[in-house]
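A.B. asks: Listed here are the chains, written in short residue letters.
Protein chains: 2
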Amino acid sequence: MRLDLSVDVAELTAAIVDIESVSGNEKALADAVEEALRALPHLTVVRDGDSVVARTDLGRAERVILAGHLDTVPLNGNLPSRVEGDRLYGCGTSDMKSGVAVQLKLAHGLAAPSRDVTYVFYDCEEIEAARNGLKRLVETRPELLAGDFAVLMEPTGGLIEGGCQGTVRVEVTARGERAHSARAWMGVNAIHGAGEILERLRAYTPARPVVDGLEYHEGLNAVFVRGGVAGNVIPDECVVTVNYRYAPDKSEEQAVAYLREFFDGFEVEVTDASSGARPGLDAPAARAFVAATGAEVRAKLGWTDVARFDALGVPAVNYGPGEPTLAHTRDEHVEIPLIGEAERRLRAWLG
Amino acid sequence: MRLDLSVDVAELTAAIVDIESVSGNEKALADAVEEALRALPHLTVVRDGDSVVARTDLGRAERVILAGHLDTVPLNGNLPSRVEGDRLYGCGTSDMKSGVAVQLKLAHGLAAPSRDVTYVFYDCEEIEAARNGLKRLVETRPELLAGDFAVLMEPTGGLIEGGCQGTVRVEVTARGERAHSARAWMGVNAIHGAGEILERLRAYTPARPVVDGLEYHEGLNAVFVRGGVAGNVIPDECVVTVNYRYAPDKSEEQAVAYLREFFDGFEVEVTDASSGARPGLDAPAARAFVAATGAEVRAKLGWTDVARFDALGVPAVNYGPGEPTLAHTRDEHVEIPLIGEAERRLRAWLG
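From first to last, the protein sequence lines stand for chains E and Y.
First residue of the first sequence? That's 17 in my numbering, and the numbers climb one at a time after it.
First residue of the second sequence? That's 17 in my numbering, and the numbers climb one at a time after it.
Keep in mind the hints are simulated off the structure, nothing from the lab.
Just so you know, not all the hints are guaranteed correct.
Simulated coverage check for chain Y against chain E, where a stretch passes if three residues somewhere in it have a Cβ under 8 Å from a Cβ of chain E [as the list claims (entries may be wrong)]:
(1) 108 to 116
(2) 308 to 322
Non-contacting residues of chain E with respect to chain Y, defined by C-beta distances greater than 10 Å in every case (computed) [as the list claims (entries may be wrong)]:
(3) V38
(4) K43
(5) A44
(6) A55
(7) L175
(8) R191
(9) P225
(10) D228
(11) N259
(12) F278
(13) G281
(14) V286
(15) D288
(16) G318
Derived coverage of chain E by chain Y (criterion: at least 3 residues anywhere in the stretch with Cβ under 8 Å from a Cβ of chain Y; other residues may be distant) [stated by the list, open to error]:
(17) 110 to 123
(18) 199 to 205
(19) 245 to 257
(20) 267 to 275
For glycine and all other residues, C-beta sits at the position ideal for the given N, C-alpha and C.
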């Protein structure tokens with residue numbers, strides 16, 4: 017399969033969507049992207065697994081990164097793509113092959129951008145983090161990801177979503193002592209003890225820190241609870257799994273320390289943690305990006321791969337033509353005019 | 017296998033213990049009991065499944081019932097029985113073949129008791145209630161169980177344990193609304209909502225009603241809790257399973273009504289209920305029994321089959337030579353002198 021990068025961005029999006037690339041099956045699309053980019057003399061292309069990185073090397077004062085993932089969630093009877101009016105329907109149209117098409121159009125058209133550009137196309141974003149292609153590049157080829165600012169082309173409906181919040185999951189355990197439930201006072205009920213954990217959660221007021229000018233909105237929530245031995249036994253253990261979403265003014269260590277203090281008196285075990293990312297909108301490249309796109313800027317509350325750039329010291333935002341609420345749905349589609357608009361705005365920034 | 021009812025009660029206990037009768041496998045023992053009882057001209061014997069009922073019919077002013085189950089929990093390397101000093105070891109020695117041996121000795125020895133006696137030997141007490149032999153007799157042959165007072169020969173260490181508490185299990189459900197945990201305020205956290213259920217349970221003070229002169233001790237406890245959808249989703253349901261152990265001054269309906277009021281504002285679904293039994297110690301036959309045994313009397317807090325007699329209008333107590341804390345253990349044994357003592361005391365009552 018060959019990609020013709022000279023066609024219009026909507027047509028290119030449809031061509032990419034029609035190369036099925038459910039996570040783990042990105043090879044055909046990565047091959048096509050690699051081949052199309054190698055034909056462009058102003059780019060240096062590196063292939064790593066099913067990720068492709070292409071860079072200009074013009075000695076510009078700044079380097080920016082445009083990144084997008086090649087994979088999609090599993091098909092849901094929504095391929096091949098189809099056009100209806102102003103909309104392109106199909107798996108990956110919003111999340112995020114329309115963004116990938118914009119990257120490819122810019123890579124093709126901008127032989128001499130105002131800033132050096134690194135185009136990153138990576139695999140396995142939609143599945144477990146251990147297989148994430150950007151994670152692999154961060155760990156094994158960090159020099160390919162060096163830069164002053166990054167744009168991750170996840171669907172944002174044309175808004176700029178800055179940084180992302182961090183997330184920690186902890187298991188908070190209340191302990192007791194078993195006894196027959198007909199003689200409950202011989203034991204200590206751990207589920208009743210966990211009532212104190214839930215009381216603290218109910219009393220929690222979400223912090224709304226402003227970071228680099230964007231207001232975040234934290235959250236501290238029980239997402240699982242389990243406890244019980246048998247219908248006639250006073251339970252000796254109750255575990256509440258708590259998810260803390262915290263603003264990027266805190267490190268992972270600070271977030272965990274906050275939780276240990278919050279649940280003082282209970283066992284607290286961290287099961288899962290991903291640090292957040294500052295929006296970094298005070299960097300010159302970022303200011304120019306906001307000015308050029310003219311898009312509304314707001315804080316990103318969910319966690320995204322921008323945090324991987326932040327971990328490398330590269331401020332990053334989410335910006336893409338896809339519609340986030342349609343991601344992962346059978347009815348996934350993208351508004352065709354928004355794809356062209358994203359291409360024009362990024363071209364204005366980099367042209 | 018033949019049982020010789022003329023031997024001493026400890027020897028008879030060992031003989032019964034050595035006829036293995038794990039629940040569902042009582043046939044050999046029921047056959048032996050039936051055959052031995054049919055040889056006694058003063059008894060009318062009825063066989064029902066693997067239960068055996070034998071009755072005197074002397075036209076006495078009162079009729080009392082001595083009941084015991086023939087089955088045991090699964091073996092645990094503890095057969096055949098063995099004597100060590102004053103103890104008889106083996107599966108079922110305490111729970112409750114020593115009690116069954118006392119029944120058989122009385123059935124054999126008391127051709128003309130002071131009260132008419134119904135001896136009940138039943139199957140499948142140690143497993144799910146649906147297969148319980150006494151339950152079956154209550155439902156299909158209630159006339160066989162008519163009487164003024166019943167003694168269930170469960171292990172009590174020689175104490176009289178009067179009546180039993182009732183038990184109800186309910187599922188109390190808190191509901192919410194799902195949302196992504198990065199935007200928790202878009203949903204309603206059902207696990208946090210269940211905190212109110214646990215708060216009420218923690219504030220509960222157990223009632224200790226006195227019924228027919230015995231003090232009971234109620235209990236209201238969470239025995240299970242479950243809730244949660246995914247690690248990044250605000251949960252929309254949390255279910256707390258609550259076990260209420262209530263004194264026999266309340267009916268099952270009253271207990272359920274109490275729970276519905278206690279958990280007002282939440283869904284309450286009854287999953288399991290067994291009503292209690294009043295000790296009925298004011299009945300003349302009961303008073304004579306207490307006087308004859310001279311044993312300490314206390315309330316039974318756990319649920320036992322005495323409740324099945326109560327449901328027929330027959331007051332009932334637990335009284336047996338076995339040691340309750342040894343029931344269902346590998347080390348199960350019975351103090352041999354206590355078996356003889358139980359026999360003597362019941363003989364004094366009925367002789």
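A.B. asks: Give a verdict on every hint.
C.D. replies: Hint check:
As drawn, the region 108 to 116 of chain Y meets chain E at 0 residues by the rule of a beta-carbon pair under 8 Å; below three, the given contact is violated. Only residues whose C-beta sits within less than 8 Å of a C-beta in chain E count toward coverage, and the region 308 to 322 of chain Y has 3 of them, enough to reach three; the restraint holds. Every beta carbon of chain Y lies more than 10 Å from that of E:V38, the smallest distance being close to 21 Å; the non-interface claim holds. Against chain Y, the non-interface label of E:K43 holds: every CB pair exceeds 10 Å, the least being about 29 Å.
Annotated as non-interface, E:A44 keeps its C-beta farther than 10 Å from every C-beta of chain Y; the closest such distance is 31 Å. The beta carbon of E:A55 is kept farther than 10 Å from every beta carbon of chain Y, the shortest such distance being approximately 41 Å. At the 10 Å boundary, the C-beta of E:L175 stays outside the reach of chain Y, the nearest C-beta of that chain being 15 Å off. Look at E:R191: its CB is around 14 Å from the nearest CB on chain Y, clear of 10 Å, so calling it non-interface holds up.
The beta carbon of E:P225 sits about 15 Å from the closest Cβ of chain Y, which is more than 10 Å, so the claim that it is off the interface holds. Distance check on E:D228: its Cβ is at least 19 Å (rounded) from any Cβ of chain Y, clearing the 10 Å threshold; non-interface status holds. Chain Y draws E:N259 into its interface by the beta-carbon criterion, the shortest separation being 5 Å against a cut-off of 10 Å. Here E:F278 stays apart from chain Y, with its beta-carbon at least about 14 Å from theirs, past the 10 Å limit.
Even its closest Cβ contact with chain Y, about 15 Å, leaves E:G281 beyond 10 Å, as expected for a residue assigned away from the interface. No Cβ of chain Y comes within 10 Å of the Cβ of E:V286; the nearest lies about 13 Å off, and the non-interface call holds. The claim that E:D288 is not at the interface with chain Y is violated, since a C-beta of that chain comes within 10 Å of its own (minimum 7 Å). The Cβ of E:G318 sits about 4 Å from the closest Cβ of chain Y, inside the 10 Å cut-off, so the non-interface label is violated.
Counting residues of the region 110 to 123 of chain E whose CB lies closer than 8 Å to any CB of chain Y gives 0, which falls below the minimum of 3, so the coverage claim is violated. For a cut-off of 8 Å, the count of residues in the region 199 to 205 of chain E with a CB near a CB of chain Y stands at 4, and the three-residue condition holds. For the region 245 to 257 of chain E, the stated coverage by chain Y is satisfied: 10 residues place a CB nearer than 8 Å to a CB of that chain, which reaches the threshold of 3. Under a criterion of three residues with beta carbons nearer than 8 Å to beta carbons of chain Y, the stated coverage of the region 267 to 275 of chain E fails, only 0 such residues being counted.
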